Amino acid sequence: MLLARLLEEKLANLYRAGKINGGVFLGKGQEALSASLGMALKKGDIFAPLIRDQAGRLAFGEDILDAVRTYLGSKLGPMRGREGNVHRGLPREGRYAMISHLGAMISAVCGGLMARRFQGQTGVVGATCVGDGCSSTGAFHEALNLAAVEKLPLVLVVANNQFAYSTPNDREFACKNLVDRAIGYGIEGHTVDATELDACLDVVGRAVERAREGRGPQMVVATLLRLAGHGEHDDAAYIPEALKNSPTGRDCLKVAECTLMERGWASAADLEAWREETLQQVEEAVATVQREPAPDPAEETWCALSTQELDDTFRA
Amino acid sequence: MLLARLLEEKLANLYRAGKINGGVFLGKGQEALSASLGMALKKGDIFAPLIRDQAGRLAFGEDILDAVRTYLGSKLGPMRGREGNVHRGLPREGRYAMISHLGAMISAVCGGLMARRFQGQTGVVGATCVGDGCSSTGAFHEALNLAAVEKLPLVLVVANNQFAYSTPNDREFACKNLVDRAIGYGIEGHTVDATELDACLDVVGRAVERAREGRGPQMVVATLLRLAGHGEHDDAAYIPEALKNSPTGRDCLKVAECTLMERGWASAADLEAWREETLQQVEEAVATVQREPAPDPAEETWCALSTQELDDTFRA
Amino acid sequence: MITYLEAIREAQAKALADDPRVYIYGQDVAEFGGAFKATKNLASAFPGRVLNSPISEDAMVGSAVGAAIEGMRPIVEIQYADFSTPGFNQIVNHAATLYWRTQVKCPITIRLPSGGTAGSGPFHSQSMEGVYAQYPGLIILTPATVEDAYSMLLEAVAIDDPVLFCEHKYLYYHLKAEGLPTEALPVGKARIARQGRDATVVAYSAMVHEALAAAEELSADGYEVEVVDLRSIKPLDTDTILASVARTGRLLAVGEAWPWGGVTAEVVARVASEGFELLDVPPRRLNAKNTPIPFHPNLWGTHRPTAPTVARALRDLLRL
Amino acid sequence: MITYLEAIREAQAKALADDPRVYIYGQDVAEFGGAFKATKNLASAFPGRVLNSPISEDAMVGSAVGAAIEGMRPIVEIQYADFSTPGFNQIVNHAATLYWRTQVKCPITIRLPSGGTAGSGPFHSQSMEGVYAQYPGLIILTPATVEDAYSMLLEAVAIDDPVLFCEHKYLYYHLKAEGLPTEALPVGKARIARQGRDATVVAYSAMVHEALAAAEELSADGYEVEVVDLRSIKPLDTDTILASVARTGRLLAVGEAWPWGGVTAEVVARVASEGFELLDVPPRRLNAKNTPIPFHPNLWGTHRPTAPTVARALRDLLRL
Ligand SMILES: Cc1ncc(C[n+]2csc(CCOP(=O)(O)OP(=O)(O)O)c2C)c(N)n1
Ligand SMILES: Cc1ncc(C[n+]2csc(CCOP(=O)(O)OP(=O)(O)O)c2C)c(N)n1
Ligand SMILES: [Mg+2]
Ligand SMILES: [Mg+2]
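Residue numbers (our numbering), protein chains in the order written: chain A, 3 to 318; chain B, 3 to 318; chain C, 372 to 691; chain D, 372 to 691.
Since the hints were made in silico from the structure, they are not lab data.
Taking lysine-lysine pairs in the DSS-like style, the calculated list, with each CA pair at most 30 Å apart, reads:
| # | chain 1 | residue 1 | chain 2 | residue 2 |
| --- | --- | --- | --- | --- |
| 1 | B | LYS153 | D | LYS411 |
| 2 | B | LYS44 | B | LYS12 |
| 3 | D | LYS411 | A | LYS246 |
| 4 | B | LYS45 | D | LYS476 |
| 5 | C | LYS411 | B | LYS246 |
| 6 | C | LYS476 | A | LYS153 |
| 7 | B | LYS77 | B | LYS45 |
| 8 | B | LYS178 | A | LYS178 |
| 9 | B | LYS12 | C | LYS408 |
| 10 | A | LYS21 | D | LYS408 |
| 11 | D | LYS385 | D | LYS547 |
| 12 | C | LYS560 | C | LYS385 |
| 13 | C | LYS411 | B | LYS21 |
| 14 | D | LYS408 | A | LYS246 |
| 15 | A | LYS45 | C | LYS476 |
| 16 | A | LYS44 | C | LYS476 |
| 17 | A | LYS153 | A | LYS45 |
| 18 | A | LYS246 | A | LYS256 |
| 19 | B | LYS12 | B | LYS256 |
| 20 | A | LYS12 | A | LYS45 |
| 21 | D | LYS476 | B | LYS77 |
Simulated restraints, written as ranges between beta carbons of each label pair:
| # | chain 1 | residue 1 | chain 2 | residue 2 | range |
| --- | --- | --- | --- | --- | --- |
| 22 | B | GLY122 | A | LEU281 | 56 to 66 Å |
| 23 | B | ASP204 | A | ASP172 | 31 to 41 Å |
| 24 | C | PRO418 | A | ALA275 | 55 to 65 Å |
| 25 | B | ASP172 | A | ASP298 | 52 to 62 Å |
| 26 | D | GLY419 | A | ASP298 | 45 to 55 Å |
Far from chain D by the CB rule (all over 10 Å, computed), these chain B residues:
| # | residue |
| --- | --- |
| 27 | ASP204 |
| 28 | GLY216 |
| 29 | GLN282 |
Since the structure is predicted, the reported quantities are computational estimates derived from the model, not experimental observations. Note that the Cβ used here is the ideal one computed from N, Cα and C, for glycine as well.
Only chain A is shown next, with the shape it has when bound in the complex (with noise of 0.2 Å):
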């Protein structure tokens, strides 16, 4: 959690900075929630995470500098500078590579899963995170179904941070709790206020082990504020402070520590020190990737097919 949110104020930083090409989307509020599922997982699980899951992707065993290769848009990172930011991943390794449109990545995890029945696999589970407002596609519903009907050991953590960019709940969604979805796929519906790091673990974990145990798809909703704008680009004005003040708008990251001092588990100089170790890691980061080659046009294939033979390629 706490290396994901220094790592996105430094990418945060250097896009301020105009280091950074693209958009730069942060997971902030988001950490333990995210967190929760890349811990619950496990090697050979199959994890897609999307734009706010900085911390679920380390969690689950991200290299810090993938993270940094792919905004800086460094030639060794894992997307070597034909992807940016958020759309990274390596499917080798069960992180699958997102792409842009919503819900698309819901449907790729079913399909994973469903491979690993047909090799004669147990015990796996597929996980991905979407927003509140990816739940509208018709991508989320289709896939939700199929994970349903395949009984598929899917959990979907829907991210319920209020916003879909800059439109409320109520332009998005008209039920009380997106968990009644789960009702109407037929799967079990899970909800954890996400600002408690202590109630993701549970709830995530127990999802996680549920579907592992071959009891279906597992949704969990959990509740949040995005503590950023959309992308940096934006201010998020259109949050009311009310929101900010309310529970809801608590900072999970914050709540953690308090939760840790108050346990006595750690001590303010505890957390400092920690704090300072991890900024350093995020230095440290940051520094090699700056000195490493941007992608060379001219080292390109220029070809999108594996097969580069049936490369329709122009002679003209």
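Please build the complex by placing chains B, C and D with the ligands on the supplied structure of chain A, with the hints as guidance.
Relative to chain A, chains B, C and D with the ligands alone:
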């Protein structure tokens, strides 16, 4: 109901005699449900019927000639031979003409209702029918959610006739009853045994009333069995005998006739007379249309735009 | 005798038998054997590997992408090519980009029953190959013969990239061959379906047969028309086309799809760019008319190119 | 000074003010004013007529079709052209066919923020005009200037058929004009953006400016290149293109989209068919490279045609 049944039986005969191009799709067993909807709607409402809605179309005011002309490809029909069978309508009279892509008509009805709202009209209802299979489409989901967000006076009738073509319910969805979907959209849901005309009139009638009163979208999930093949080319051998012999497999028309007789509202002789009369009507319509001209390619504009001068014509 | 449709079924049977990574997913493909019976008996012959999907084209293709990531080689049957539109996003943005983005291969075969038949109307008749061909990362096959339907489908399943297999519904039952082929041209090679010296018709899928019939007609008048069957429209075998035009000096490109863009535009543009000096007269195109595909056979027969209209276009071309 | 983006906003404000049947529907278009601020302040200026939609492109377009049936003239903003794919079916099969099937007009304007910008990557950069152009029943506008952005958007709303308005994101802020135009060419007419005698470049949208810059560069060497701005790619103004080629004898078609099919194929195929004898040398095409659109500006700058690559293609063409 009776007219729809006899008309479709005639069309099926014509199909078997090789007199119809393309498929013939019957609403056999679905007449009570469909007719109830057509009867509950008023002039000025919007209705987007689907494949098994001959009864509802007639009840909502479709001329029997429209159906026959479209099936036989008469130039004088509403689709002038450009479209066939169930792909017909007169949108200006509130009867939208379906495209084949399942789920696509629901959002169109939503938009029609939005338009009426913009125009200040109140008390209008928009209705459409879909099947159990259509509930798996992304289009179904997006449209219902939109309707819920806009609180539109939409009535969606889901005819769960147990099969989507050959695919049984258990490969199409995993919830107990599709009406559970209503919860997830935050709209009102109703169920009905669609083999009973009384029940259909009551439940569908009330759903239309509620929509008209401003209670937002209404979803009616009806249980019944398709008493025909998917189309007349299909012998539906995949439908188990046990299901055919179950209460779900009852023929709504026969049930209704029995009820009429039980209640003393009609005698067997009355029924026979109606049947004769109706058959006569069907035979006349078919005879009329069979004398009508087929469309003439030379008379076609071969232009898809209403703004013909913007057509991208080709000289070569 | 084996039909084009049976060849497709046989190819799938062989793919399932030969490679445990292959499975079939689509509406009604299991016990029922598919709307066209292209998967007849496969579900019982290969238990658990031929699965009915919900009516969810987006999720069908999306799931195939995920399965491909995990090493499977899915065959997705779309009931009609026209119904691939709800799955369009997953095809063009997910399947087509996967390898380029992640270096993980995406060996999916998407079967698209394509093209018009009498009475099938605007939404059961479309030829979408030219639409998909605009996207990088896809391979698009358009078999015109029973032999190609068989061998190219097997090849499609073996190719490590997403393949759209545009099988023509009109050819399903109409076309018969003596038996299954034992050898075949590789994907990417066009075929000279008929040799000639006076003009070249470039066609694919059902239009190859209209072109052959037209060529036959003109042969009676002493003209020898060469017919090139593209077999795959992406990749497009420009070399074979150019070689033919070099022999004949005259080009007519024929397609069943709509007139704006598409295969005929690409063929003519390539020949104009790369074989300009080979052309004795301006190249011509013949496409369907620029409206949705009409239901009534009268109208449909005028909407699509047919042997008589191909022959007429050829006469015009030969008169130049 | 007014930017291309402001012109789009102003056109929508005028359309809303002039015609009560117009409304705007799209993600974040209301109070927020849209992802690009193309609808800034419109929600407050026109209460109840600028509505936020859920993230449901299929239903957004489908609802617009229904509203059009009932006499409205919706403007649908798709957040990025790339995200029109989930709405593809409603666009090509419902909106585009409505009039032909039912004789009820379908006056919808779908705004597609199109084209690449540095760092926007594979899914926020696409140019889909050539894909949509294959479908009958659609009109496809591709404004290259501030003036056209304004006047063509107004015209789009006035046209009784579905219009895809492909506005280019790269031009949003880069392009400025003195003020709003008072007169304009009608839709369907191309514009000679620069006169010349030695070669014709046919371009549209952002590529017009790359072509103009290339023409400027060649002018220093004494070549005068004519630049045709298509303005609309469907309808495509073949007459103006042919007239230009008649003057210059040389043709280069430039497009930002992928190389297979699309606008450059259609342009070259038409000129080859209809203006063969006007061509002194083989026509050429310059398109983006045949891969998804890369994120890194280094790669993106090579992927798309730019003034230097247009100039190089022109030099090759002029040397022939
Ligand atoms: C199909 C599709 N339409 C539109 C977009 C543009 N878009 C990107 S993020 C976003 C808002 C997403 O909201 P939500 O799902 O709640 O996720 P959050 O950003 O709040 O985490 C939108 C509209 C998209 N990516 N995909
Ligand atoms: C998007 C889409 N995919 C596939 C089809 C092909 N198709 C036509 S009807 C049908 C089955 C429909 O089942 P259901 O919705 O239950 O309606 P029913 O036929 O039972 O009335 C299918 C798969 C289609 N029309 N649209
Ligand atoms: Mg959100
Ligand atoms: Mg059904």
